[in-house]
Every structure is written in structure tokens, then in C-alpha cells.
Amino acid sequence: MRNVVIVDGFRTPLCKEGTDFRETDADVLGAWVVREMITRCHRWNLPLETIDCVLGSNVATPMHAVNPTRVAAVTGGLPATIPADTVAGKNCGSGVTTLYYAGLRIRSGDADTVLVIGMEAMSRIPILYNQTVANLFLQYGKARSLRERTAVALTLIPKLLHLKKYPPRIGLMMGLTDPMCDLIMGQTAENIAKDPSLDISRQDQDAFSIRSHRLASQAWKDGLFADEVVPMYVPERSAYVARDNGIREDAGQDTFREVKPAFDRRHGSVTPANSSQITDAAAAMLLMEEEKAKALGLPILGYLKNYADFGYEPSCMGLAPVGAIAKVLAKARLNMKDFSVWEINEAFASVVLGISRILDSSSLMERKFGHYGWAERLGEIPPDDLNPHGGAIALGHPVGVSGLRLAMTSLFELKRRNAERAMISACVGGGQGVAMILERK
Amino acid sequence: MSQDHTISPGFFTHFKTTVLDDGILLAGFDYSGKPVNVLNVESMSEWQKIVQSAEQSTAIKGVILVSMKEGNFCAGADLEQMHDAQRRRAFQEMEQLVMTAHQLFDRMGRSPKPFVAAVEGACLGGGLELVLACHARIASTHPKTCFALPEVKLGILPGFGGTQRLPRLIGVPAALDMITTGKTIFPRQALRMGLTEGMVASIPSTARTLERIQQETLVQAAIAEVRRLCSSPATRQPPLRASQRFLSAPVIRSLVCRYARHHVIARVRHFYPAPLRAIDAVAKGLRLSILEGSLTVERPLLMELMASEISAHLVSLFLAGEKVKRHVAVVPMASTRVGVLGAGLMGSQIAGQLAEKGYPVVLRDLSSEILAKGIGRIHSTQTAQMRKRVILPSDLRYRMMRIAPTTHTRDVSTASLVIEAVSEKLDVKRAVLAEFESEARPDAIFATNTSSYTLADIAANAIHPERCVGLHFFNPVARMQLVEVVRAPFTSDVALAQACSLAKRLGKFPLVVHDGPGFLVNRILSRYLAEAVIMVGAGISFRRIDAVAKHFGMAIDSGHPMGPLELIDLIGLPVAIHVLTSLAVLGPRIESRDALLQAFLPKEKAPLTFWKSGKEHAAALDAVANYRRAYPSDAGPTSDDSLHQRLFLPMVDEAVRCLRDKIVEHPWQLDFALTYGIGFPAFRGGLLTWARQTMMPGQITQKLESLTATYGKRFEPCQGLSDGGW
Numbered sequence: 001m002r003n004v005v006i007v008d009g010f011r012t013p014l015c016k017e018g019t020d021f022r023e024t025d026a027d028v029l030g031a032w033v034v035r036e037m038i039t040r041c042h043r044w045n046l047p048l049e050t051i052d053c054v055l056g057s058n059v060a061t062p063m064h065a066v067n068p069t070r071v072a073a074v075t076g077g078l079p080a081t082i083p084a085d086t087v088a089g090k091n092c093g094s095g096v097t098t099l100y101y102a103g104l105r106i107r108s109g110d111a112d113t114v115l116v117i118g119m120e121a122m123s124r125i126p127i128l129y130n131q132t133v134a135n136l137f138l139q140y141g142k143a144r145s146l147r148e149r150t151a152v153a154l155t156l157i158p159k160l161l162h163l164k165k166y167p168p169r170i171g172l173m174m175g176l177t178d179p180m181c182d183l184i185m186g187q188t189a190e191n192i193a194k195d196p197s198l199d200i201s202r203q204d205q206d207a208f209s210i211r212s213h214r215l216a217s218q219a220w221k222d223g224l225f226a227d228e229v230v231p232m233y234v235p236e237r238s239a240y241v242a243r244d245n246g247i248r249e250d251a252g253q254d255t256f257r258e259v260k261p262a263f264d265r266r267h268g269s270v271t272p273a274n275s276s277q278i279t280d281a282a283a284a285m286l287l288m289e290e291e292k293a294k295a296l297g298l299p300i301l302g303y304l305k306n307y308a309d310f311g312y313e314p315s316c317m318g319l320a321p322v323g324a325i326a327k328v329l330a331k332a333r334l335n336m337k338d339f340s341v342w343e344i345n346e347a348f349a350s351v352v353l354g355i356s357r358i359l360d361s362s363s364l365m366e367r368k369f370g371h372y373g374w375a376e377r378l379g380e381i382p383p384d385d386l387n388p389h390g391g392a393i394a395l396g397h398p399v400g401v402s403g404l405r406l407a408m409t410s411l412f413e414l415k416r417r418n419a420e421r422a423m424i425s426a427c428v429g430g431g432q433g434v435a436m437i438l439e440r441k
Numbered sequence: 001m002s003q004d005h006t007i008s009p010g011f012f013t014h015f016k017t018t019v020l021d022d023g024i025l026l027a028g029f030d031y032s033g034k035p036v037n038v039l040n041v042e043s044m045s046e047w048q049k050i051v052q053s054a055e056q057s058t059a060i061k062g063v064i065l066v067s068m069k070e071g072n073f074c075a076g077a078d079l080e081q082m083h084d085a086q087r088r089r090a091f092q093e094m095e096q097l098v099m100t101a102h103q104l105f106d107r108m109g110r111s112p113k114p115f116v117a118a119v120e121g122a123c124l125g126g127g128l129e130l131v132l133a134c135h136a137r138i139a140s141t142h143p144k145t146c147f148a149l150p151e152v153k154l155g156i157l158p159g160f161g162g163t164q165r166l167p168r169l170i171g172v173p174a175a176l177d178m179i180t181t182g183k184t185i186f187p188r189q190a191l192r193m194g195l196t197e198g199m200v201a202s203i204p205s206t207a208r209t210l211e212r213i214q215q216e217t218l219v220q221a222a223i224a225e226v227r228r229l230c231s232s233p234a235t236r237q238p239p240l241r242a243s244q245r246f247l248s249a250p251v252i253r254s255l256v257c258r259y260a261r262h263h264v265i266a267r268v269r270h271f272y273p274a275p276l277r278a279i280d281a282v283a284k285g286l287r288l289s290i291l292e293g294s295l296t297v298e299r300p301l302l303m304e305l306m307a308s309e310i311s312a313h314l315v316s317l318f319l320a321g322e323k324v325k326r327h328v329a330v331v332p333m334a335s336t337r338v339g340v341l342g343a344g345l346m347g348s349q350i351a352g353q354l355a356e357k358g359y360p361v362v363l364r365d366l367s368s369e370i371l372a373k374g375i376g377r378i379h380s381t382q383t384a385q386m387r388k389r390v391i392l393p394s395d396l397r398y399r400m401m402r403i404a405p406t407t408h409t410r411d412v413s414t415a416s417l418v419i420e421a422v423s424e425k426l427d428v429k430r431a432v433l434a435e436f437e438s439e440a441r442p443d444a445i446f447a448t449n450t451s452s453y454t455l456a457d458i459a460a461n462a463i464h465p466e467r468c469v470g471l472h473f474f475n476p477v478a479r480m481q482l483v484e485v486v487r488a489p490f491t492s493d494v495a496l497a498q499a500c501s502l503a504k505r506l507g508k509f510p511l512v513v514h515d516g517p518g519f520l521v522n523r524i525l526s527r528y529l530a531e532a533v534i535m536v537g538a539g540i541s542f543r544r545i546d547a548v549a550k551h552f553g554m555a556i557d558s559g560h561p562m563g564p565l566e567l568i569d570l571i572g573l574p575v576a577i578h579v580l581t582s583l584a585v586l587g588p589r590i591e592s593r594d595a596l597l598q599a600f601l602p603k604e605k606a607p608l609t610f611w612k613s614g615k616e617h618a619a620a621l622d623a624v625a626n627y628r629r630a631y632p633s634d635a636g637p638t639s640d641d642s643l644h645q646r647l648f649l650p651m652v653d654e655a656v657r658c659l660r661d662k663i664v665e666h667p668w669q670l671d672f673a674l675t676y677g678i679g680f681p682a683f684r685g686g687l688l689t690w691a692r693q694t695m696m697p698g699q700i701t702q703k704l705e706s707l708t709a710t711y712g713k714r715f716e717p718c719q720g721l722s723d724g725g726w
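Quick mapping for you: the protein sequence lines, in order, are chains S and X. Under the numbering used here, the first residue of the first sequence carries the number 1, and numbering increases by one thereafter. Under the numbering used here, the first residue of the second sequence carries the number 1, and numbering increases by one thereafter.
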């Protein structure tokens, strides 16, 4: 059995939508982390040709680079002989799934070394023309004679200006809306928050977000993120970006109480303050077959172990990680006590609260997951072990990158705690969940 | 393939010929003995024979001219032959060549058989004129394909009928633009302006033989063009576009020419006659036939220009540049990674240039803010190139990605050559060198871009001084073609060769100079700048000082004539002060007005400049007035002539001292360096050539001695000056 090790990993700072990385496309963000990984390879005296392939995770595919991983790999400085593909299409789960596929490649003997990158430029998601207007543009392009062209232009221009009747389509909103239930992600979070059996109040959610902000802020103060964050230089803005910029130092019940619910203005409790942020970032991890890494004398950050994904009701997609966690525990024949660090993606505060409440209660497990054959509580996640340095609520949730961030943060935390095993999990828009086990030895 | 009996392949030294199946003669220009094709007496007479036999042979339907050289179609007339003629002042041979060309090109034009040029690679000067004499031109998109008439840059005008044929082909305004500026036209532009009839994608064959070349798309397109011209001879002269036809109409034309003349005078004043003569040739020639125009208008003007001093100077400077480049062998590097230390103004520009030429660069600075600014600066210059369509967006992407910014020294350790451009402080430079020695690989080379310290100073504490070499770039790096490669006695040959080779690959002229204060260029320049500052202190107006230098033609070749004070503003006063102070070691001849210069450096504010948006800076004038109250001096009225002597004669003196100190060996190197380094006017042939040709050695000494009597010891002439021999 070939073991998969993680040699090294790092990420760029996470920058809120419309801030430092707003001029930077996903493929360029990816190229930056590839370039940084090349610098590290030079440091280890590792020839770049050792890398067998590059797998990338990206959700909002840039229009100009449908395989952003390839563009990032080649422009970042890797030889063009190294193939690269983008493993997208699993929304917020893309990062974890890409790690899993990279691990599969290594385990199967197909590759010895895989560079995994994640890149997401949510600031760059385009706003599209209304379909009627877009059709008229096409018609204009096809028009041959001057008369025809004038006729099309005369119908086109008024429609172009009539924003109310022919509104532009906002790519980001379209991306965050689930066509299977016509709910935007925040509304699925509302479904969980409003579920009486889960008993999640607005105060609970706000308290959880405040905790996230405080922990993240403390981690930066203690210099804990120095291990995983690589500062970036943004040529377009002559800027030096070294820190995640979404963390609110003023997070507190008083400030968060004022924030209005965004997804159900009258009766809702999910607010921007207790949801994850829309963010631009990139990350990279170098995966290798264990023996090879040891032979090359490379550092070993940790081991990639079992993985599971799980499907659930799309309108309550936030609860799907429970299933994924149960599945991966069964696969690995472990129970919850064997884990020292839990990184569950904070898509929404209600999601993480819901997951931990179900895991800890047999009756909830029975009610929510009974028809999957689970009726036993799995255990409690000790508060100190759950997202110990904050999560997506404070740092941000660049969808294609979050999976890699969870893996990295948990591995560095394992190292600091000198502990053995971590669980990472994320809910996935469309009613899925992913979970993966990482170990230090 | 049928064999023709009148012309058989291998018959000529400089051409390879073959006749294709349908009677098309394929002539491959392959000048033997040179890496590029040139037109001189030998190659021209061979081409004449080819044209003759093509005309006479009934089997031949048309001729296609291609080049067998990769990346070069024809570099034009043989410059060495011309230089030789200028030296001997014997122009009969050149005139004969021009006459032959005119007759021959005219004959091609009138020939019933179509001539088509299939151009791949650079097509310059006489080469373009040869191509213009053909009936049609097809260009390939090979990256080196370009068209230009750079003759004016050598002080002459296109002499093989270019001034006659080009305006008829592309219209007067476009032709004047090309002829008076010598600018380069790339295939896409050429097609748009009607210079070529077609453009095909370049897929050059690896083996440069006629058999292979004739299968190329380019030649296939040319064959199709010959067939088209054979079947409909009426389409031979493509019509001008309507707008061009209007601008080339008789009355309008003279207005266009007048406008062009104004434009030229604004750019080069009256220092260079060639562009103006070229406009004359175009204007007058259009009233005559091509042959008449060539013989009676263009030829006399050409011969007059060729015999002029200016052209001789420009040609010898051009050949000096070729010599400088030819001396440098390109040596392979162990790794192409280059480290640049310091992301300030110079460091970032050097990094940008390296990235442009394909080197992976590690740019290191202690401060991440400076690094971010440096990266931003590189990005904006590169984006400007993309906006001008000089490069593609993907080029921009690759160039930016080649530069890895870092604050750690360990990342530089993989580089095989490190260029240091940190702040000009000796202890900082030494610390950087020490850091380099502890981190870098054992075979790595340390190149310093210092402008004021000697290599010996910087490497004083080095463990391996043999790895140190100087690589002195000038600001702005992208435009200044000169690089001083400084060699100290301890510098190893490998280090020197690597540094030269890098500079050459950056497209620069690597001039090897020996170590010494200010090296070559700054040492001589400092005499000029110091004197200008002293003049300011003596109450002479900024405008007058700069006017004297501009009147002499300083920096005219860059398109922005500049006096010494404008130059100080450009390089930045703090840098200038630093250079002057560090050159004080040369002795009392470097006199610096520290009190005055300090007045120009207000505390916690940007340093004052002499000029502000084209006017004398009021704050600077105040500073000078204050200084003059504190240090009153009155030199009495001075003539412009004496100002001129005070500015330029000390430079001559210092140049001779440099030669005596063996900073460089040959006077031509010095002339070359000053022309490309500080903008000494090229038409004067360089500093020493100018001094030699306008004054007797004794006269210079005499003048300097009389200046010494009036102004002080700083003008004392050196020993070697009166001896001549430089």
C-alpha cells in the first residue's frame, strides 16, 4: 500500500471581495502560488521535473482560462511538459476532493508527486448581460447590411438602458443559488437555523461568529499563521499583502446584534456577520508518495488518509457533513475521540452549530439520518478542538481554496499540539458533504 | 524539376538558384562569408547576371527572391565597404555601385517577367530597396521579419532608389515617416500600409536548402503571386489608397513635405542634414520618373552626404558598437536564474529587463514595501508595452511571473549570477557581498551596479574577490544601451565573461573598463556636472548653462536635448552629489560646491530640481540667491564661448587621463562610451574625435591653462594632453 504524504503547503492571505486581489484573476493567483512552490523546490534542490502532474481546484472558472490550473502551472514557471487539470464542479468541496483525487493518483501508482493548487477570484466573477440583450448582441454580429444593423441597434440600445426590465445577471448570485431548490445558500442556512429540533438561536450564531473572529485575530497576534500564509506582492496595485483582511477586531454581541438578516429580512437570523465572507485567495500543497519523499529527504507535514462524501437534501445542504463524517469514521474504523483537531468549514454559523448538535445527539441523528441507517450519537466535538483558530466566518471562504486551507490549518495545528489526527469537513452547495482524515504519522 | 541550361545551381558565390517546374526561377540570397546578406559590388553584380539571364531565357516566366539565412533577408549595403571608402575619401567605387543598382533595379521594374520577393527576417536599408524594386512582396510572420530604411541614422539617405520607390508605393506621408526616422515596420503594419502584398504564417524549414525552402508556405505564396502577375500584368502596380493618393497629390504633397521638415527640425534641430536631404529627394523625385529621380536627385544628395564628416562619424560609431558586441562571446550559464538585490529604481528596472529577455529573476529587498513598489513599477512599464501592442498579454504575464519577489537571502542562493543594486552606501554594499558569500553557490558571480565606489572598495573584505565584477547600467535601463562591465585586477575571466555575456543577451553594449573611481563614464561626466554646478554658484542662469550644452547638441540623439542641469534633474540630485563626493579622491580637479548643493536638499522634503515643468524652478532660484548672499563671488561677464570651454574641455582632459590610467585602451572605446552613456552628440563622432578634429592638442592645453589662470586649479591640464597621440 502506497502512502500519500503532504510535503508542504501554504496559502496566500485571504482578501475580501473587492480589496487587494480585485484586479487579479484566478489563474494569476494560482500562478503566484506555483511560483512560490517553485522557489521552495529550488530550496529543497528538488528538480521541477519530479512533479508528475498538477491538479487544481477552482469553482468560478474564469472565462479566459477554462483550465486555470494549466495556465497557472505554465505561467507560474513549471515546464510545459507537466500536465495539469482542474478538478472543479464540487463547489465548496472542490479543495478536499482535489486532494483526494491527487491522493488516488499517487496511491494507484499513476503518479509519485502531485502539486495541488487551489485558486479562487470571487471578485472577478462577471456580471452578464440579460439574455434578451445578449441575443440581440449576437444578432447584431450576424447582421450584414447597414440597414439590418441599424434595425438591431435600435432595438438593442433601449433594452441596454432599461436595467429594471432587462436586469443584468450577477454571476456571483447565480453561482450561489441552487437550481435544484431555487434557494440561495444563505436560505438553506436559514432552513437549518429555523429547524426547531436543532434549536439554533440568533444569539448562538452570533456568539459562534464572534468566537471565530476572536480566535483568528488571536492566532495572527500569536504569529500562528506565519507557517501557512505566504505574503503576496500585487503588481497592479503596487501592494504588499501579508494578512487576511476579513477579520473584525471589533467583533462583539453589541455590533453583531445590529446586523440585519440578509436572506429572510423579517423572520430570519442568518446575517452577513454570521455567514462566511466572499473572498479571493489561492493555496498550494505538494503531495508525494511516502517512500519517495523520504528518499529525497523532504520534510513531511502529514499523511492523507480516508475520504468520504455524502449526499443529502439540497435545501438543507449544510447538514450533509454529518453523513460524510459518519461514513469516513466507519471506513477508517475510528471514533470521534481519536481526533484532536476538527476543522469544519464555517459556511454559516448555523451549519457548524447544526452539525455538532446532531453528531452529539442520538435523537437528532435518528430524526435526520435515520433512513440512512444511523441512529446513534457519534460524540461531542470538544470546543477547544473545533476550528481552534477561527474559520471561514472570520477569514473568508474562497470556495475552491477552502478545502486546502482546512487541510493546512489542521496539519499545522496538529504539529503545534503534537497530536496525531485531524478531521476536516465541509458542506457543499447542492446537498453534499465531504470529510477527510489527516494524520501526522 | 527541370534543369535550366543558362543558370545552373551553384554557379554563383552569393546566390543559389534553381528553376521550378513551371519556369519560375527561385533565387536564394546567401552571402558567403557573412552571417547576414549584404549588397556590395560582388553580390550586386551576381544579382545583375541573374536578372539578365532571367530576361533572356524564354523558359523563365518569373523570379522569386528569397533568403537562405535564417532570420535575415538582407541587411543592406555593406557598411564596412562604405566605411573604408569614407576613410580613404575615395567614393568612385560606391558611386559605381549606386549607378549599377539604379540601372539594375530600373531594369527589374520594366522587365516583362514579374519579380516577387518572399521576405523572412530583417529586411533593412538597401535590402528593402531591392525588395521595393520587385513587383510584389510577401512577408512571413517570423519574429525577426521587419522592414526599415535606417540610412538616416548613419547620416546618409536611402541610395538605391528608396526615396523614389517608397513614396510611390505607400504614399508620401508614410514614406517620409519611414525615411526620416528610420523606424522599423513589422509585417502586420507593412501589410496594412501596403508595403507588402501578402503575409503568411512563418513555418521556416530547419534545413536551409533550396529544395526545402521551396516547400515553405512563404515560397508557395510567392509562386502563386508570380502566376497571378503573369496572368494579369495590369495588376502589377497596386493602386494607392484614396487617402494616400490625396496626400501625394502635387500641391498637398509640398505641404506634407513642409510639415515633415518641421517635424525633423523639432527633433534633431539642424545638426543632422540627412533627414532634410531625404525629404528633398522625395519631393523633387516625384516630379521625375523613377530612374531619372534616382540618378539626378537622389544620387548627388547621397554622394554629398556620404562624403560628409557627420556620416563618417555615425558609421564609425555604429561599427564600434558592432565591434564591442562581437568581442563578447555568449557563454552558457550554469542556471539561468539571476538574482537582483535591491528593488529600488535601478534594481527594479534591471529585473524588468532580465524578465523581458526570459531570465527567471529573484528580486530581493529587505523592505516589502519597496519590493511592492518595484514590482508595481515593472508592471506599469510592461503594461504600457502591451497597450502599445508591442507585446501580447501573454508576454506580459510571463514577464511578470518570471520575477519572484522575496525578502529572504536564501532564495537568491540558487542564482548563478547576482546583480547588486542596493543603496549607494559602502557598508551596505559590503554587507550584501558578505551575505552573498555565505549563501550563494560556490560558482555564483557577484556583479555590482555601483556608480560611485570602486570594485576594490566593495570587495575589500571579500573571501573570494575573483567572483566580483562590476555591471554598471545607466538610467533609464531600458533605453540606455551602454553597460560598463568593470574589471578589477582580482576579477576572474569567468566572472567577466559571464557578466559581458549577460549584458549582451540583454541587448546592451558591454564595454569592459578597468576599475577606478567613477569607472569611465561617471568619471568624465562628473567634471561636466561639477562645472555646471559651479557656474550656478557663480550666478549664471540655468537657462544659459543648459542652452550652451544643448546648442552643442548634448543628448540630441535621444530625441530630448538636455543640458547638464536637466541631466542632474533626471539622474536625481542626491545621486549626483554622491557621485561627486565619492570622486573627490581624484584630486582638486573635482570641485564640489557642497554648501550650494546642501541648499537644494531641504530637510524631510523631496530634493529641489533646477527645472520645473519647463521653467526655472523658483525655489531653486531662491536657494541660489541665498547661497550667493553667503558666498558672494563675481566672475564678471562671461561669454558663451568661455562657458562652452569650461564645460567641455575638462571632459577632454579627464578622458585623456582615463586613457593614461588604462581605464580603457582605445580612444574609440571612449568615444563610443560617451556617446551611448551620456549623450555626447553622435554627429561629432565622440568626445576625443571632436577634440582632435576641432583643436590642436597644444591649443587645448593652452585654453585650459588660461582657464586655470582665471578660475583656479581645477582646470589644470594633464601631462598627456599636449603630447597628442589619443
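The reader is advised that the hints may include incorrect statements.
[Said to hold, decoys possible] In silico DSBU-like pairs for lysine-lysine, Cα to Cα no more than 35 Å straight-line:
#1 X/Lys325 <-> X/Lys144
#2 S/Lys221 <-> S/Lys331
#3 X/Lys323 <-> X/Lys183
#4 S/Lys16 <-> X/Lys373
#5 S/Lys142 <-> X/Lys388
#6 X/Lys323 <-> X/Lys144
#7 X/Lys603 <-> X/Lys662
#8 X/Lys388 <-> S/Lys16
#9 X/Lys373 <-> S/Lys221
#10 X/Lys153 <-> X/Lys662
#11 X/Lys284 <-> X/Lys357
#12 X/Lys605 <-> X/Lys183
Calculated from the structure, these hints are not laboratory results.
Right, here's what the structure says about each hint:
For a cut-off of 35 Å, the pair hint linking X/Lys325 to X/Lys144 stands: about 19 Å separates their Cα positions. Simply put, S/Lys221 and S/Lys331 have alpha-carbon atoms about 38 Å apart, too far for the 35 Å limit, and the pair is violated. Restraint check for X/Lys323 and X/Lys183: satisfied, since their Cα atoms lie roughly 23 Å apart, inside the 35 Å limit. The straight-line distance between the Cα atoms of S/Lys16 and X/Lys373 is roughly 22 Å, inside the 35 Å bound, and the hint therefore holds.
With a CA separation close to 30 Å, the supplied pair S/Lys142 and X/Lys388 stays within the 35 Å bound. Of the pairs offered as hints, the one joining X/Lys323 and X/Lys144 holds, with about 22 Å between alpha carbons and a cut-off of 35 Å not exceeded. Restraint check for X/Lys603 and X/Lys662: not satisfied, since their Cα atoms lie roughly 41 Å apart, outside the 35 Å limit. Proposed proximity of X/Lys388 and S/Lys16 is supported: the alpha carbons are some 33 Å apart, at most 35 Å.
With a CA separation close to 26 Å, the supplied pair X/Lys373 and S/Lys221 stays within the 35 Å bound. At most 35 Å may separate the alpha-carbon atoms for a hinted pair to count; X/Lys153 and X/Lys662 meet this at roughly 31 Å. Annotation: proposed proximity of X/Lys284 to X/Lys357 is violated, straight-line Cα distance about 44 Å (limit 35 Å). Note on X/Lys605 and X/Lys183: the hinted pairing is violated, with a Cα-Cα distance of about 42 Å set against a maximum of 35 Å.
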